[in-house]
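K.L.:
So the chains spell out like this:
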Amino acid sequence: SQTIHQWPATLVQPVGSPLSLECTVEGTSNPNLYWYRQAAGRGLQLLFYSVGIGQISSEVPQNLSASRPQDRQFILSSKKLLLSDSGFYLCAWSIRGNPRNEQFFGPGTRLTVL
Amino acid sequence: GEDVEQSLFLSVREGDSSVINCTYTDSSSTYLYWYKQEPGAGLQLLTYIFSNMDMKQDQRLTVLLNKKDKHLSLRIADTQTGDSAIYFCAEESGGYNKLIFGAGTRLAVHP
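Residue numbers (the working numbering), protein chains in the order written: chain H, 1 to 114; chain F, 1 to 111.
I should point out that these hints are in silico values taken from the structure, not numbers from a laboratory. All values derive from a computational prediction rather than experimental measurement. Hints are supplied without guarantee of correctness; some may be wrong.
Now the stretches of chain H that chain F is said to cover, found in silico as 3 or more residues with beta-carbon under 8 Å [what the hints assert, rightly or not]:
id	segment
1	44–51
2	96–110
If you want the ones that stay clear, here's a sample from chain F, every Cβ over 12 Å from chain H, calculated [said to hold, decoys possible]:
id	residue
3	N21
4	D54
5	D58
6	R75
7	Q80
Virtual Cβ for every residue (Gly too), placed ideally from N, Cα, C.
Given only the sequences and the hints, what does the whole structure look like? Please build it.
P.N.:
Laid out in structure tokens, this is it:
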């Protein structure tokens, strides 16, 4: 069966510090991968998605970047965090080419920038 | 543009039915989805409906789709305290399996 992992579960970082959040998927190959942010009291905002190694599409301009160094690994990074980067970050995957665009979510990382 | 709208909050009494409504914009969505998010957790797919269907029933869940009005609803029968969560409606968008989510409806179930 497929599983998706995210770490860390929670993170408190000072403004201006770097960030690296990791997401890995097990039990599947060639998944589409996604990073979402959920700000307090708000919906899900798609940040990045990837259809293959090294292929990253950015949905909104921001202080963050994403990388996919391996097929089932997706990393969200920042060189210098802003207060507005606080939120709940969710990684998700879907089966490439599946006509039903079902996405499977990880447990999330709660980031607080102080 | 693409936009999915939901009311933000719904409060129901335990045992009553809950109806969560959603409007979407992309008429080309082949599927529409309902996801559930429990406190502090990721999202789980609750159910989905194919665009050529008007209704789908799955145990206590009933999904109604009105394509003309681009309106989707989720009915939960006999609502229980365990149903307290945030419910997200989602439509498909473009390629690469992209989904557009609504802001989520927080369902509170009280005795």
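K.L.:
All the hints need checking, so say for each whether the structure fits it.
P.N.:
Comparing the hints with the structure gives:
1. 44–51: holds (count 4)
2. 96–110: holds (count 13)
3. N21: holds, 15 Å
4. D54: Check passes; 18 Å lies beyond 12 Å.
5. D58: Nearest chain H Cβ is 15 Å from D58 of chain F, so the label holds.
6. R75: Given that every Cβ of chain H is farther than 12 Å from that of R75 of chain F, nearest at about 21 Å, it holds.
7. Q80: holds, 23 Å
Hint compliance for this structure: no hint is broken.
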